[in-house]
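**Q** Okay, here's what each chain looks like letter by letter:
2 protein chains.
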Amino acid sequence: MNVKKEILKMAEAAKRASFSLGSASSLEKDRAITLMAKNIKKGASRILGANKKDIKAAEKKKMKPAFIDRLTLNARRIDGMISSLEEVRKLDDVVGQIIQARRRPNGLLIAKMRVPIGVIGIIYEARPNVTSDCIGLCLKSANSVILKGGSEALYSNIAIFECLRSALAKTSIPVDAIQLVTSKERSAVRELLKLNAYIDLIMPRGGESLIKEVTENSRIPVIKHYKGVCHVYVDEYADLNMAHKIAMNAKVQRPAVCNAMETLLVHEDVAARFLPAIGRDLSNAGVEIRGCRKTKVILKGIKSATEDDWYTEYLDLILAVKVVSSLDEAIAHINKYGSNHSDAIVSENYANAVSFLGRVDSACVYVNASTRFTDGYEFGMGAEIGISTDKLHARGPMGLEELTTYKYVILGNGQVRA
Amino acid sequence: MNVKKEILKMAEAAKRASFSLGSASSLEKDRAITLMAKNIKKGASRILGANKKDIKAAEKKKMKPAFIDRLTLNARRIDGMISSLEEVRKLDDVVGQIIQARRRPNGLLIAKMRVPIGVIGIIYEARPNVTSDCIGLCLKSANSVILKGGSEALYSNIAIFECLRSALAKTSIPVDAIQLVTSKERSAVRELLKLNAYIDLIMPRGGESLIKEVTENSRIPVIKHYKGVCHVYVDEYADLNMAHKIAMNAKVQRPAVCNAMETLLVHEDVAARFLPAIGRDLSNAGVEIRGCRKTKVILKGIKSATEDDWYTEYLDLILAVKVVSSLDEAIAHINKYGSNHSDAIVSENYANAVSFLGRVDSACVYVNASTRFTDGYEFGMGAEIGISTDKLHARGPMGLEELTTYKYVILGNGQVRA
Chain A
20 MNVKKEILKM AEAAKRASFS LGSASSLEKD RAITLMAKNI KKGASRILGA NKKDIKAAEK
80 KKMKPAFIDR LTLNARRIDG MISSLEEVRK LDDVVGQIIQ ARRRPNGLLI AKMRVPIGVI
140 GIIYEARPNV TSDCIGLCLK SANSVILKGG SEALYSNIAI FECLRSALAK TSIPVDAIQL
200 VTSKERSAVR ELLKLNAYID LIMPRGGESL IKEVTENSRI PVIKHYKGVC HVYVDEYADL
260 NMAHKIAMNA KVQRPAVCNA METLLVHEDV AARFLPAIGR DLSNAGVEIR GCRKTKVILK
320 GIKSATEDDW YTEYLDLILA VKVVSSLDEA IAHINKYGSN HSDAIVSENY ANAVSFLGRV
380 DSACVYVNAS TRFTDGYEFG MGAEIGISTD KLHARGPMGL EELTTYKYVI LGNGQVRA
Chain B
20 MNVKKEILKM AEAAKRASFS LGSASSLEKD RAITLMAKNI KKGASRILGA NKKDIKAAEK
80 KKMKPAFIDR LTLNARRIDG MISSLEEVRK LDDVVGQIIQ ARRRPNGLLI AKMRVPIGVI
140 GIIYEARPNV TSDCIGLCLK SANSVILKGG SEALYSNIAI FECLRSALAK TSIPVDAIQL
200 VTSKERSAVR ELLKLNAYID LIMPRGGESL IKEVTENSRI PVIKHYKGVC HVYVDEYADL
260 NMAHKIAMNA KVQRPAVCNA METLLVHEDV AARFLPAIGR DLSNAGVEIR GCRKTKVILK
320 GIKSATEDDW YTEYLDLILA VKVVSSLDEA IAHINKYGSN HSDAIVSENY ANAVSFLGRV
380 DSACVYVNAS TRFTDGYEFG MGAEIGISTD KLHARGPMGL EELTTYKYVI LGNGQVRA
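Protein sequence lines correspond, in order, to chains A and B. The first sequence begins at 20 in the numbering used here and counts up one residue at a time. The second sequence begins at 20 in the numbering used here and counts up one residue at a time.
These aren't lab readings, by the way, just hints derived from the structure by calculation. Please note that a few of the clues may not be correct.
Which copy? The list can't say, so a pair holds if one copy fits it or any two copies do.
[Unchecked claim] Distance condition first, Cα-Cα at most 16 Å in a straight line; then the derived EDC-like pairs of lysine to aspartate or glutamate:
#1 K355 with E31
#2 K131 with D394
#3 K83 with D195
#4 K131 with D347
#5 K131 with E397
These numbers were taken from a predicted model, which means no experiment stands behind them.
Put together the whole structure using the sequences plus the hints.
**A** Right under this line is the structure:
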């Protein structure tokens, strides 16, 4: 069967399954997730064996260590997959919740009810745990899901997927509700992106080129999980001690993630007091600093930041630093170079804090806290499928609620319009 | 200046303006809308003069009477534009509302705040009142708006737009927050759809070909306001008197709108009792009936419905009728041929009503009421910019809330992540 037909068949089956899944009880969905967690446990050695094959091939292709790290599974990471499934199972079911209800003067009861989106396509790179995380969240929110992972993780993904699918087969939920694209052909993604008759939402998770390809070619609505060029702005009225702790945390606590700080903005009135100490501590933590002209006057011997640096998500121990002459300049910089992800101001000044909150156009805007908190668990949502950098439907961490839409349910007793 | 540059310049200006508009006070936005309504009143004769030009050109081009009717303005329709603006002004401002807030164990206060989407592009056909309706709603929700109306209404749109823009010029809100594309070149829409760096949302309102062109070519997220192939299903347990009234209302009260019924589904056990009376009343109301084989056994001499009829939005005094043998068949028919807009069941049976509500995949699902209620005013939202037939972000009538997104505002006192 050619790719086009294969993908079409998958999408049709996923759509059909989504109708039964949509009316599955919470109990049945939870039972499926429990069985999935058990099957991952039972299948651990098979999954690790498949993962070894992927790793060998990646090493042969001379992939970077960071890539191989993301690809690698071990007992601890498999336990992580299992506990993620169990955590998702424990969350309240959001499907069928009434968000809002109004009794109209004519007696009509109009209620807004949370319902699944339908069929979700997720396109991701070579992190095999994404396979089970996404299936758990989509199943709990009663969405069919079609997964297309990076071909470098294909053996791992197939092994994980088989565990999950065989668990689902023991329930009344149709197994077609979860689908894995196993074709290595590049055209598979393009074919997927055309099927707006069957797929309701596409979520690309990965690097710039993947996101770009998906956005430019999709006829299906897309919610992007794009890069995090996050900023911490140290205001002239900052508690500099607090600013120091927040900036260090935002940069070095886990530099390879999207909510880590990439650019530090410092008001010129405090730059001479603030930069030397943080410069020293960052260097001691192994951070390479790239500064603007004014930063370089204070921190001697550092690299110059170029225009490109301001746009860059390093995901690494590198930091761009810019001294700004006003709050306005800081906000303008963030709105121009940032990625609308997470940005923080450190300030004791009420007006500046309020102005920053209102005018920075990002999903998550912080006063006096580290950008590292942008995360479904930290936000109290229980789990997340990613962090949306888009503005429509869902912004910031996406949990179960964000994986649903709503329908209006209208109850009457014979009302007609006059 | 060529079209490409012109559109780009507009979009850049609209984006810039959106930042000031986003922090404009409710008072200032309301003052702008009041001035707009006054200017429309003052400019009425100029608007009607411009509209005459459009009508003449349309008549010369031998456009259909329904088209010319939609294009035509008169004193009553201008009053309608004015009162729409005034109604929107009176609505509560939704920008800045806190939708949800949580205090986390570490002391962080995480609040979800309603904020404008940014820049909205609206592509519509030849109904000039849409110009002022959309500008009122976008201004109230603090979104910049770029309008591209049908070229057949260009003189009317320019005249209306000039009234609104000169009103805005008297306020502190930048006039660039509202933009009208006046180019008649077909490439203007294509250029608009590329500018995802400046425009956050595209809303096409119009016929199938317009929606298709926009969906297939947009790099910007789209919310479609597509056709309404609405159904009324008369269950075997229906109160047939009620069903008669609802079906008549849904079909004939205003057949040219998207929430009118296009297909009537009748359970076979009640078809012989239900169809003769409604068939007679529909015929008396001038409705042409196209029936399935079983319908034609009961209603002699009517036309046959073809496969195409089930997909068709007539917007006219034509009705497709199908006799079904079960609730399941009715639901399957609606999910296959419908447009996910508005569908109703008439039934006194609890289980059937619940099943219909749960399984019909439409924005608005009714029990025992006419589909004609799908409307922002009728739903108690005050006003609407259209009715979304999509699943993401907004579904069904879109009012002010649906014209916003949210941001997370996080207030800390030095929290860092462990």
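**Q** When no copy is named, should K83 and D195 be tagged within, between, both, or neither for a Cα gap of at most 16 Å?
**A** neither (35 Å within a copy, 48 Å between copies)
**Q** Evaluate K131 and E397 at a C-alpha cut-off of 16 Å and name the case that applies: within, between, both or neither.
**A** between (28 Å within a copy, 14 Å between copies)
**Q** Please work out whether the CA atoms of K355 and E31 approach to 16 Å or closer within one copy, between two copies, in both situations, or in neither?
**A** For K355 and E31, only the inter-copy Cα distance (12 Å) is at most 16 Å; the intra-copy one is 42 Å.
**Q** Using 16 Å as the alpha-carbon threshold, which applies to K131 and D394: within, between, both, or neither?
**A** Answer is between; shortest inter-copy Cα gap is 14 Å, intra-copy 27 Å.
**Q** Given a CA cutoff of 16 Å, do K131 and D347 count as a within-copy pair, a between-copy pair, both, or neither?
**A** neither (40 Å within a copy, 24 Å between copies)
In this structure, the earlier hints numbered 3, 4 are contradicted, and the remaining ones agree with it.
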